[in-house]
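Novice: Protein chains in written order, with the working numbering: chain A, 1 to 183; chain B, 1001 to 1995; chain C, 2001 to 2096.
One or more of the hints may lead you astray.
Here are the computed lysine to any residue pairs in the SDA-like style, where the Cα-Cα straight-line distance is at most 25 Å [to be verified]: (1) K145/A with F1622/B; (2) K1601/B with E147/A; (3) K145/A with T1606/B; (4) K1892/B with K2089/C; (5) K2011/C with A1479/B; (6) K1284/B with F2044/C; (7) K2078/C with S1613/B; (8) K1880/B with F2044/C; (9) K1883/B with I2032/C; (10) K2089/C with E1743/B; (11) K145/A with P1745/B; (12) K1284/B with A47/A; (13) K1284/B with E75/A; (14) K2084/C with R1731/B; (15) K2011/C with A1480/B; (16) K18/A with V1262/B; (17) K2051/C with S1426/B; (18) K2011/C with K18/A; (19) K2084/C with E147/A; (20) K1883/B with K2078/C; (21) K145/A with L1664/B; (22) K1284/B with K18/A; (23) K1892/B with S2030/C; (24) K56/A with P1745/B; (25) K2084/C with L1680/B; (26) K145/A with A1595/B; (27) K1431/B with H2025/C; (28) K1284/B with T2074/C; (29) K91/A with S1613/B; (30) K1284/B with L2080/C; (31) K1431/B with S2036/C; (32) K1882/B with T2074/C; (33) K2078/C with R1478/B; (34) K1880/B with T2074/C; (35) K1346/B with A1008/B; (36) K2011/C with G1578/B; (37) K1892/B with F2045/C; (38) K2011/C with G1408/B; (39) K145/A with S1613/B; (40) K2084/C with T59/A.
Since the hints were made in silico from the structure, they are not lab data.
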Amino acid sequence: MADQIALRRTALDGRSVKRPWVSVTPAAPASRLVLRVPAENVAAVSAALGTELPTKVRTSATSGTRSVLCIGPDEWLVIDADGVDLAGALKGVEAFHSAVDVSHRNVGIIVSGEGAEATISAGCPQDLYLPEFPVGTCCRTILGKSEIVLLRTGEREFRVECWRSFSDYVFTFLEEASRDPLI
Amino acid sequence: MTAPFRIAGKGRLGSAAVARFTFDGKSYAGLQGDTLASALLANGVHLVGRSFKYHRPRGFLSAGVEEPNALVGIERDAARKTPNIRATVQELYDGLQAVSQNRWPSLSFDIGAVNNLGSPFFSAGFYYKTFMWPKAAWKHLYEPFIRSAAGLGVAPDKADPDHYAARYEHCDVLVIGGGVAGLAAALSAAETGARVIIVDEQATVGGTLKAETGTKIDGKDGWAWAQDVANRLAAMDNVRVLTRTTAFGYHAQNMVALVERVTEHLPGPLPELPRERLWQVRAKQVVLATGSIERHMVFPDNDRPGIMLASAGRTYLNHYGVAVGRNVGIYTSNDSAYYAAVDLKKAGVNVAAIIDVRDNPQSAIIDEARSLGITIKTGHVVAGSTGRLRITGMIVKPKAGGPTQTIGVDALLTSAGWTPSVHMFSQSRGKLAYDEATQRFLPGTYVQACASVGACNGTDDLAAVLAEASSAGLSAARAAGVEGGAAAATPQASASESWTGGMLGVPQGVEDKKAFVDFQNDVTAKDIAQAVREGMHSIEHVKRFTTNGMATDQGKTSNMHGLAIAAELLGKPLPQVGLTTFRQPYTPVTFGAIAGHARGKLFDPTRRTAMHSWAEEHGAVFEDVGQWKRAWYFPKAGEDMHAAVNRECQTVRKTAGIFDASTLGKIEVVGPDAAAFMELLYTNPWQKLEPGRCRYGIMLREDGFIYDDGVVGRLSQDRFHVTTTTGGAARVLHHMEDYLQTEFPHLNVYLTSISEQWAVIAVQGPKSRDIIAPLVEGIDISDEAMPHMSVREGKICGVPTRLFRMSFTGERGFEINVPADYGRAVWEAVWAEGQKHGACAYGTETMHVLRAEKGYIIVGQDTDGTVTPDDAALSWAVGKAKKDFVGIRGMKRPDLVRPGRKQLVGLKTKNPSIVLEEGAQIVADPNQPVPMKMVGHVTSAYWSANCGHSIALALVEGGRDRIGQTLYVPMPDKTIEVEVTGTIFFDEKGERLNG
Amino acid sequence: MLLIRCPYCEKDLPEVEFRHAGEAHLVRPSNITEISDEEFEAYFFLRQNPKGIVFERWRHVHGCGRFFNAARDTVSDKFLTTYKAGEPKPALGESA
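Just chain A, same shape as in the assembly (with noise of 0.2 Å):
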């Protein structure tokens, strides 16, 4: 029995959003680490991950499938779907820093098209303009009555990321704010 292989269910299966202004739909599952390094360790921990950390908080760094984002001034998130194993590549590196992973802790939600910045403003209190809120930034934030992880993928496109227990709520708020046609 031991070699069997527990089937992993997420937390979003089957949900989706499509209208002609904006869809809302699952991202795939992924793999994730919450990364904390003092400043004096982020060469190292860039080189481990082959990844250079963005260091200005609010920006990200996005290569083929992996983006890192930069939280706080000592946080990155790191998301990944190509189902790597993050925290295994840090696993030599000596200078102090933490990697934990977070890769099932969040449900990631694209939310895409023409009325993707009007349908989260609707809950996030944040200017989403495009030149106040250029491609690539991140922040932890809100949306309605929840924390989210924001970042802005394309100038039409979102990434959502929040925690799995409350991916139902945001989910359905994004349903819900997506039925306003109003750009």
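Take the given structure of chain A and dock chains B and C to it, following the hints.
Specialist: Just chains B and C now, with coordinates in the frame of chain A:
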């Protein structure tokens, strides 16, 4: 089919389509573009409501949002019934159904009007004075009566089927008001490229241009100019034009709340559209162009249907093409009403006379009125009106006294001048300044980044308004940091209307019978005089005593009159009597708009674990634990809660039970100083805890009281897996971050919440090891290799696990942590194995009973924020040799170490079948007189099927010294005898942990 | 809803992302076990709570997560300045 009072060729509705509607069941026809008010007036209907207190017949006072009288119910279907809609604002749509309010059995015969006859008893302060005695009558007699008699309209009794949108928006310049000033300001701001939002509460922009005929801007008719500008603005990418949108709340740092009525003007329902949209706009700069509102003249019986503001009469004529009567009187103290007289006369309506309180007013428009042959009586007042459901005449007399004369009219337009609309400015916390010459309050000191332009700023001349507004729009854009664009050309006034005059309060020579100041709350000049006589010397007191200005119209037409009357009686200059606060909302806002998405499923997040669906499928009953839904118990067919919990409790101790413990908070503490940090945040010692072992930790606040607890596993030298209570997860992490960031920043350690990374399956009971053994891979789970209170990393069902050997039941137990998306699959595998051993699934109630049988506390249930580790009999968990930890000093405060503190003990009822009530008070002597001295209270109480008797935990003064003594729990129906015991009721030696 | 400048994010952000965290510049005594009851009272219980300018702690809890300090006028409810934890009390100029 032309409505009788629609004048061919007048107004701007042109050949609009017919819209049919009903009022109190009777059918009428109006035009698209009408308001309900203009459509009713076109049909000659003036009587539309009964007043709040006296049930007096009322008609329309105004043509706008200031309307205090014409409040109606709009009924779309059984669930869509909106009371208190101002008919002067409601746009007509085909099929609209409106009903009048505050009348029974009918609008023209209303029994409540008896209040009018008894009105001497209903004077100001009546409620305060009358219902004082006898005391009991308040609850049983007066309050029910007042509640049924009070209030306007009827709220729907069905759930609101509509949905409401919400939007946070940001801009450089927000312009509030789409009249001449607002449009000019928005245009000049927009041409710099700034992000501009302009809002107007009406269906179209234009403001008072709606009423006017003599205004030309840039060579165009004023109204046409306004529509042109709005179209230009709407076509610009950087501008949002929001009509049917009211700015109702001005908050700190230029956060302005707007409500946009999206479908109220449309036949419906339109499920694809939100009914309303709430905008929360953060503007770098705000331009207030909120205009001014005309005041009525105060005279006896000035509230009869047919008596209206002059500006309203003009709006109905010039915009809607509707005459408010066929023989109209005018009563005024300023020139603006003459424009109404002239327009009506030119449209073929007879103007009976213009009564002007001024002795010798001079202006071009007065000359024009005179030249049209209109009778003008200067130095006269209107001392009353005749009629019942509609005015039939105005009683006129010389101001200085003399014979009265009744002039027959079917409508009377009055004007006492204009009040700048400074509501939003005042809400912004700006200070008003009183302008003596024009008798008006104007914006004085600004405290936010905003500017006022046009009539709300006291600027009257059209050219000056255009110049001021254009300049303010540009300045606002520049102040918002927008560098681009060129200054737009200021629109030029080609022709304009202007007027002077106006007055406040009651003209001399007029008796103050029922001369209404505040129509909506039925406040008369006499009421205000009475308030002053009875000692109310501040306008704040006068307002509350009389309720002047306290209705939903916010005193838009009444405040200045009330203030002037009080000031005159007090013999004080008006500004010294003060001005009451302008409160939000500017006009009523629906609960739906305020609630927005936060209703039903979205009222609050409902958090569910990865195994929730399994529990649901297996018949679990859930309880709310904060935002979480937790399985409470799993009843089998025919079982009640009691039976289910008894079975679950016994099954766990006999074989095993499986429990979803996922909601516990979890924090990963990582870094070379992780143990040092744990030493500081918990009372226990951690440095010597070996990797792979666990310890029960207690966290204190600095004051020495228990804050949280939980089992902590050391995964490696520099990594701890900390668990917290379910309710404490967020605040414990906050508390730990606080100390780490601000008191112990030298420690090399980081904290990460992993509460939701791991689903947790507790398997508890003698068979627990047998159940999980076939599923676990790479971990030796024998007692020797993995004793009680240890943690291992490995695999279960092929997926990673952090496997804890721990127990919150007193039985041998494991807690399987797996990545959350695998939670349900692993649970099912464990369940399948458990079935082979007769295990059950159990819920939080059984968890509570089992832990209480063992005397394990629940923080927040057995502790209340004033309990020390010693009080809870947990001194063993405090590291005696430790030099520091949070709470170490607080714990030693004199009151926390004194003898006789409440201590946690067990209670056994002498009658074993009685289960105590949690929260019940405990006394030593049940026969002492009331109030008794209470020595403690019950914190936890359950029936224990395993013990065969009830069990309870309690905090009792000097509790541990009382073990063996008898105490008493007085209840309403009986006094329960209890014996004080230790806290452990089952397996006192703890042998079963390894059994 | 106020805008609060987070000194770590270097941006004015909405109040709902922040949590108030009490008076600032209170230092936990390093010899806390040795202080008298009066000293403990002064450290733990007694607060200024003045009308006017207060120095207080905030946390950008739904943002970068950092605690920081702020000078705020309790009469106008205006933030005069915000600064990082550990930095000294700023001198408030005429703008205060």
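Novice: So which of the earlier hints does this model not fit?
Specialist: 4, 6, 7, 11, 12, 13, 18, 20, 22, 27, 29, 31, 32, 34, 36, 38
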